[in-house]
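Trainee: Residue-level listing of the chains:
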Amino acid sequence: MDACRGQEPLENSDKPPCGGGGTGLWLCGAMIDADEVRRRTRDLLRACPPADTDRLEFLRARFDAGLAWVHYPVGLGGLDAPRALQAVVDAELDAAGAPSNRPRLNIIGLGMAGPTITNVGTPEQQQRFLRPLWTGEEIWCQLFSEPGAGSDLAALATRAVRDGDDWVVDGQKVWTSLAHEAQWALLVARTDPDVPKHAGLTYFVLDMHAPGVEVRPLRQLTGEAEFNEVFLTGARIPDANRLGAIGDGWRVSMTTLMNERVAIGGAATPREFGMIGIVARTWRDRPELRTPGLHGELLRLWVEVEAARLTSERARQQLAVGAPGPEGSAGKLSFARLNQAVSGLDVQLLAEDGLRYDDWTMRRPVETDPAGRSPGYRYLRAKGNSIEGGTSEILRGVIAERVLGLPPEPRTDTVVAWRDLPR
Amino acid sequence: MNLLYGEVEDDLRAGVRKLLASRCDPAAVLARAETDEPYDLGVWRTLGTELGVVGLLVPEDLGGAGAGPRETAVVLEELGRAVAPVPFLGSAVLATSALLACEDEAVATLADGTCTGTLGVPLTTPPAAPFPAGVHARRGALSGRVGSVVDLEVADLVVVPAHDGDGPALYVVELPGTGVTVEPVIPLDLTRRIADLVLDGAAGRRVAGGELAVAALRAALTAGAGLLASEQLGVAQWCLDTTVEYTKTRYQFGRPIGSFQAVKHRLADVWATVSTARAVARAAADALATGADDTALVVAVAGAYASDAAVLAAEECIQLHGGIGMTWEHPAHLYLARAKTSQLALGTPDRHRTALADLVDLPPA
Chain A
1 MDACRGQEPL ENSDKPPCGG GGTGLWLCGA MIDADEVRRR TRDLLRACPP
51 ADTDRLEFLR ARFDAGLAWV HYPVGLGGLD APRALQAVVD AELDAAGAPS
101 NRPRLNIIGL GMAGPTITNV GTPEQQQRFL RPLWTGEEIW CQLFSEPGAG
151 SDLAALATRA VRDGDDWVVD GQKVWTSLAH EAQWALLVAR TDPDVPKHAG
201 LTYFVLDMHA PGVEVRPLRQ LTGEAEFNEV FLTGARIPDA NRLGAIGDGW
251 RVSMTTLMNE RVAIGGAATP REFGMIGIVA RTWRDRPELR TPGLHGELLR
301 LWVEVEAARL TSERARQQLA VGAPGPEGSA GKLSFARLNQ AVSGLDVQLL
351 AEDGLRYDDW TMRRPVETDP AGRSPGYRYL RAKGNSIEGG TSEILRGVIA
401 ERVLGLPPEP RTDTVVAWRD LPR
Chain B
1 MNLLYGEVED DLRAGVRKLL ASRCDPAAVL ARAETDEPYD LGVWRTLGTE
51 LGVVGLLVPE DLGGAGAGPR ETAVVLEELG RAVAPVPFLG SAVLATSALL
101 ACEDEAVATL ADGTCTGTLG VPLTTPPAAP FPAGVHARRG ALSGRVGSVV
151 DLEVADLVVV PAHDGDGPAL YVVELPGTGV TVEPVIPLDL TRRIADLVLD
201 GAAGRRVAGG ELAVAALRAA LTAGAGLLAS EQLGVAQWCL DTTVEYTKTR
251 YQFGRPIGSF QAVKHRLADV WATVSTARAV ARAAADALAT GADDTALVVA
301 VAGAYASDAA VLAAEECIQL HGGIGMTWEH PAHLYLARAK TSQLALGTPD
351 RHRTALADLV DLPPA
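Protein sequences appear in the order of chains A and B.
For the first sequence, my numbering gives the first residue as 1, with consecutive numbering after it.
For the second sequence, my numbering gives the first residue as 1, with consecutive numbering after it.
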């Protein structure tokens with residue numbers, strides 16, 4: 001995930017990422033129901049018994065049968081069916097012991113590249129990229145944020161200059177997770193510095209193994225490196241790998257980020273899930289650590305975490321009945337604030353143990369499990385929660401303008417040529 | 001757990017909002033506050049007889065509407081939004097819940113609005129409070145004093161917890177009556193009155209004793225605390241909506257003040273808090289409606305969260321209105337007083353958290 005960029009879209013959307021989602025879904029929805037999806041899943045299992053089929057071969061066959069992501073268009077791994085029917089497929093396949101495409105290893109690919117390519121890609125691009133993306137054969141990363149463009153993503157400075165059938169790219173990207181494992185990257189670059197910043201951007205697919213692409217780990221305050229810096233020096237991209245029109249990069253980026261939010265919208269969580277559960281267990285197990293002041297603080301946070309959990313649950317229920325509200329966007333704000341407060345309380349509660357750290361070694365985890373790390377790690381890592389994926393300050397501004405309808409700040413940066421912006 | 005609003009609830013809301021918009025706008029509520037008739041009994045009767053929302057908690061065979069806590073909660077949201085001066089909390093929630101738990105038929109007279117009641121405990125009593133010891137009954141005659149009883153001055157009956165020869169019991173005392181004195185106090189919240197109840201050999205009808213009395217009182221206080229969260233949500237929502245509108249139209253430094261980040265971020269936080277209050281209030285109403293095992297826990301969460309949410313929204317409303325928010329003329333102070341006093345009502349946030357410590361096994365130091 002790209003940790004430090006602005007995030008303008010917020011509206012929850014349960015629309016499928018396919019362009020013709022509206023009518024297509026309605027027309028096909030009448031034909032494709034749970035029974036039909038179940039029948040097709042069983043056909044797949046008969047044709048490719050998981051026990052006797054190579055893992056990748058099975059995944060490819062599943063994609064070709066339209067059972068990869070049923071709400072995607074026919075021919076691109078889907079059936080143009082309602083998103084909810086995916087659960088029917090997954091349950092059948094789970095029961096049969098079918099292999100998984102290990103979605104957590106390709107989060108950017110599945111959550112962002114897939115929807116974006118489906119929305120704006122050419123048929124050739126869709127055929128080339130979507131299947132290996134879904135099966136996990138090709139990992140994706142996202143090259144959006146730059147040292148000079150975090151919250152203000154549209155100000156980015158990485159240049160792409162046309163040279164015959166290619167584009168030549170120079171610049172630096174940052175906070176790129178999976179860059180060291182990725183085959184492909186979603187890249188936004190400036191193709192015209194002489195127009196206002198939003199208008200001069202173009203969206204590309206970059207081959208991460210191309211000459212001129214250098215990936216360096218970016219070590220964080222926790223000691224590890226979940227992310228990378230990516231240096232682009234004369235890297236070439238064929239024009240065939242441009243996604244969308246020249247100058248349309250901002251609109252395409254917004255498509256990507258909208259889908260990120262949908263992808264993130266999670267499952268129901270039980271009470272005392274996450275960090276509050278860790279602190280609560282310590283409180284119960286170690287009476288010698290208790291003080292009246294910490295008791296008050298713990299109860300206060302316990303209530304807030306439970307209230308936030310109920311808020312997410314309500315947003316989930318709204319989404320499930322097809323009436324998404326803006327409440328989901330409160331979730332990230334409170335998640336960030338509470339994670340930071342609870343992890344700070346955790347360290348304080350532990351007294352001497354709070355002075356210790358588990359491991360400062362520079363490691364490059366693909367997935368992090370804070371529960372398996374020391375309280376100090378959780379405390380440090382939680383600081384990123386109010387920065388990554390849109391800072392809490394940006395989020396408050398977005399809520400104020402998009403949800404409450406408050407007037408925008410007067411701006412000058414959107415009307416002058418990017419070249420003339422102070423930086 | 002269903003945290004959404006259903007169609008019936010949407011319709012109820014629309015009906016109550018329409019009535020209150022025409023008969024109970026903030027200017028009218030403010031004007032009434034200093035008169036000899038601080039309660040709007042006309043609106044109260046309309047709520048009971050025309051809209052039929054006073055008996056939502058009461059089953060149909062007992063003369064009620066046969067709905068439940070979820071529907072009642074939506075009515076309370078609207079009443080909070082209007083700081084409507086009607087005795088809904090005392091009568092339709094507290095007295096009704098107590099009498100329902102005692103299976104006493106007097107609940108029917110509350111359900112159709114012909115009679116108004118309240119519960120004879122201080123408004124600050126939390127659900128987990130021990131059974132009150134201030135009133136004693138001897139051969140049906142009650143004596144003692146109960147301070148800060150909500151909606152008492154318009155009540156026709158009061159359900160009084162008392163100790164008699166057999167231990168804890170609940171009695172119904174009719175008002176006015178011999179040996180019953182109601183001493184109104186000057187309330188901080190002008191739109192919800194309190195009064196002290198003085199009993200000196202007053203006639204009471206025993207409606208429950210022993211375990212049943214204890215359970216009925218606790219059920220009434222639990223329902224009250226859980227449903228109060230919805231009223232607080234309504235108060236908070238009005239404060240947020242009104243402040244957002246104001247900051248869009250108030251110009252300083254050549255711009256609407258709502259375009260300043262310092263204002264925007266405060267309002268975004270209020271909005272997030274109100275959204276959260278909605279989730280906890282719905283959770284409490286749903287738990288009360290379904291009789292969930294963890295009702296006490298969910299109600300405590302709602303009580304702890306929604307109280308503070310309403311106070312935050314009301315305080316931000318005053319601050320972001322600037323000078324006009326400090327005037328008598330602007331109704332914001334009615335909402336501030338309602339928010340602040342309801343923070344104390346039926347358990348302060350701290351008392352709810354203390355109850356939670358027990359319920360979720362997080363014992364004190």
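Check the hints yourself; a few may be wrong.
Pairwise CB distance ranges, derived in the manner of DEER restraints [claimed, not checked]:
| # | chain 1 | residue 1 | chain 2 | residue 2 | range |
| --- | --- | --- | --- | --- | --- |
| 1 | B | Glu7 | A | Asp353 | 48 to 56 Å |
| 2 | A | Glu181 | B | Ala262 | 54 to 62 Å |
| 3 | A | Asp90 | B | Gly6 | 40 to 48 Å |
| 4 | A | Asp359 | B | Ala365 | 30 to 38 Å |
| 5 | B | Gly66 | A | Asp413 | 55 to 63 Å |
| 6 | B | Ala262 | A | Asp353 | 50 to 58 Å |
| 7 | A | Phe273 | B | Arg138 | 48 to 56 Å |
| 8 | A | Met254 | B | Ala262 | 52 to 60 Å |
| 9 | B | Val185 | A | Ala371 | 16 to 24 Å |
| 10 | A | Pro292 | B | Ala262 | 29 to 37 Å |
Reference listing, derived: stretches of chain B covered by chain A, where coverage requires no fewer than 3 residues with Cβ under 8 Å from a Cβ of chain A [to be verified]:
| # | region |
| --- | --- |
| 11 | 77-89 |
| 12 | 215-227 |
If you want a taste of the chain A side facing chain B, the calculated C-beta under 7 Å gives, among others [to be verified]:
| # | residue |
| --- | --- |
| 13 | Trp283 |
| 14 | Asp285 |
| 15 | Arg314 |
| 16 | Arg316 |
| 17 | Gln317 |
| 18 | Leu319 |
| 19 | Glu327 |
| 20 | Leu333 |
| 21 | Ser374 |
Derived by calculation from the structure, the hints in this document are not laboratory data.
Glycine residues also receive a C-beta, built at the ideal position from the N, C-alpha and C atoms.
Trainee: All hints are to be evaluated individually against the structure, with a verdict given for each.
Mentor: Cross-check of the supplied hints:
no.: 1; hint: Glu7(B) to Asp353(A): 48 to 56 Å; in the structure: 54 Å, holds
no.: 2; hint: Glu181(A) to Ala262(B): 54 to 62 Å; in the structure: 43 Å, violated
no.: 3; hint: Asp90(A) to Gly6(B): 40 to 48 Å; in the structure: 30 Å, violated
no.: 4; hint: Asp359(A) to Ala365(B): 30 to 38 Å; in the structure: 32 Å, holds
no.: 5; hint: Gly66(B) to Asp413(A): 55 to 63 Å; in the structure: 60 Å, holds
no.: 6; hint: Ala262(B) to Asp353(A): 50 to 58 Å; in the structure: 40 Å, violated
no.: 7; hint: Phe273(A) to Arg138(B): 48 to 56 Å; in the structure: 54 Å, holds
no.: 8; hint: Met254(A) to Ala262(B): 52 to 60 Å; in the structure: 27 Å, violated
no.: 9; hint: Val185(B) to Ala371(A): 16 to 24 Å; in the structure: 53 Å, violated
no.: 10; hint: Pro292(A) to Ala262(B): 29 to 37 Å; in the structure: 36 Å, holds
no.: 11; hint: 77-89; in the structure: violated (count 0)
no.: 12; hint: 215-227; in the structure: violated (count 0)
no.: 13; hint: Trp283; in the structure: 6 Å, holds
no.: 14; hint: Asp285; in the structure: 11 Å, violated
no.: 15; hint: Arg314; in the structure: 4 Å, holds
no.: 16; hint: Arg316; in the structure: 9 Å, violated
no.: 17; hint: Gln317; in the structure: 5 Å, holds
no.: 18; hint: Leu319; in the structure: 11 Å, violated
no.: 19; hint: Glu327; in the structure: 5 Å, holds
no.: 20; hint: Leu333; in the structure: 5 Å, holds
no.: 21; hint: Ser374; in the structure: 23 Å, violated
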